Amino acid sequence: MTRLGDLERAVMDVLWDSVPTTSPGVTVREVADALDGRELAYTTVMTVLDRLAGKGMVQREREGRAWRYRPSASREAHIAQLMLDALDLGGSRDAALVRFARSVTGTEAEVLRAALGGEAGLTGPDDGGAGLTDRVEDPRAGRPALADEATDR
Amino acid sequence: MAYAVHFAATILACWLTAQVLAASTWTWRAPRVAIVCWQAVGLALGLSAMGLPMAAGLAAYDRPTGSALLALATDLAHGALPAGLNVIHLGLVGVGFGIGAVLLTTTVRSIHGTVRAQRRHRDLLTLVARRDPTVPGALVLDHPGAAAYCLPGVKPRVVVSAGTLSLLDRAELAAVLTHERAHAQERHDLVLLPFTALCRALPWFRWVRDAHERVALLVEMRADDKARELHAEAPLAGALRRFAAAGHRITPAGALGMGDRDLDVRVQRLLVADRPPRLIGATALAVATALVALPISLFLS
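Protein sequences, first through last, are from chains E and H. To convert, note that position 110 of the first sequence is 109 in numbering that gives the first Met the number 0; the numbers rise steadily by one, no gaps. To convert, note that position 43 of the second sequence is 42 in numbering that gives the first Met the number 0; the numbers rise steadily by one, no gaps.
If you are wondering where the hints come from, they were derived from the structure by calculation, not from laboratory data. Everything numeric in this text was worked out from a predicted model, so none of it was measured. Heads up, some of the hints might be wrong.
[Unchecked claim] Capping the alpha-carbon separation at 25 Å, the derived lysine to any residue pairs in SDA-like fashion look like this:
1) H:Lys225 with E:Asp87
2) H:Lys154 with H:Phe204
3) H:Lys154 with E:Leu6
4) E:Lys54 with H:Lys225
5) E:Lys54 with H:Pro155
6) E:Lys54 with H:Val134
7) E:Lys54 with H:Gly112
8) H:Lys154 with E:Gln80
9) H:Lys154 with H:Val134
10) H:Lys225 with H:Val264
11) E:Lys54 with H:Lys154
12) H:Lys154 with E:Arg2
13) H:Lys154 with E:Gly53
14) E:Lys54 with H:Arg130
15) H:Lys154 with E:Arg61
16) H:Lys154 with E:Arg74
17) E:Lys54 with H:Val264
18) E:Lys54 with H:Arg118
[To be verified] Okay, the calculated bits of chain E under chain H, using three or more residues with CB under 8 Å as the criterion:
19) 6–12
20) 75–86
Ideal placement from N, C-alpha and C gives every residue a C-beta, glycine not left out.
Please take these sequences and the hints and turn them into a complete structure.
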């Protein structure tokens, strides 16, 4: 992994692990402080957060003169997305990955999709935190919507 | 008209070859030869599909398609078309170029979509996958589901899920990792790409999808062969069985369809140690070369 990738990962870990889900986000300074052991320059952290925002991994809101950052999706939701890709359930028609074998239980696919289904409500700026905890604790929350989606196809 | 007949004959030969390839089982013993044959069929078919309407439109020149196209370009530049060449003929030439353009743009769009999906996947992996001492060189996704795959590219990544780590024993895991590295090293994504693109361009043709599935299976068999060279057959077959069983446990019958049967076929061929069929393989390669040579020679002469 590149050094930049390492930094992005470290910054995301801070956002995922130390930002309470109800908070409006953290400032660059707070992230830099949390990464104290690495002795990173303030501007470096800002650049990394900027890159992450460009990739859609974090959302930011202006508060006064500073930006506040928070993750746009939970770590679990990202893993669910990767697993959907890996199991060829992502709906892509392109051969982006080469798999060892396709082995999917119906329940697995359902849980994975439910993990993402919860994300739809997450993208709103207000109730993001609440939806996030719901989704992780109770994967069934998103299932009714999932069933509809499945029949639509 | 003779040249149009040549192209038509090539299309027919491609179709016949594809039928034979799809029905034979020697391909499982020589997956690499079979993959080359499928690629030749695809290339010859694409070129002939372009060439057939072009040659029909250029019949008035009575020359091979390549030089006839040049002659047509010169005549068009001078504004003097030969007698016997009317709008319908020009239209046919246009159709030929149109088919070529569609094939090209679909491939480009397919590449574009694939590269974008891969970049996104890579970005996410950087953030959430971890390294694990039990699987050196691979990334681990913390998820109970069973998945093992390769993200191809210049810097390929082999990824396994935590579910796979608990599903397989050490030897099986090593075999699966070798299998995935074979995909990465031989760029099997590029092998599959034209067939995926063709599926996008002609989604309503069943045989196009069939061809894609055949090649996908052959690619897996090729990677299986690389894995069995390094490890024994048993761990790989064991890993495949465990994957199949993990899928069977809850899925309603028939839900996996093709993938399910493919797993069986792959396990079966690992258990029977057959020598690669040299004579059939050589014959198949000769046929494949002839198939490709025919349309190319018409375009170049």
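*For which of the previously enumerated hints does the structure constitute a violation, in increasing order of number?*
Failing hints, ascending: 2, 4, 6, 15, 17.
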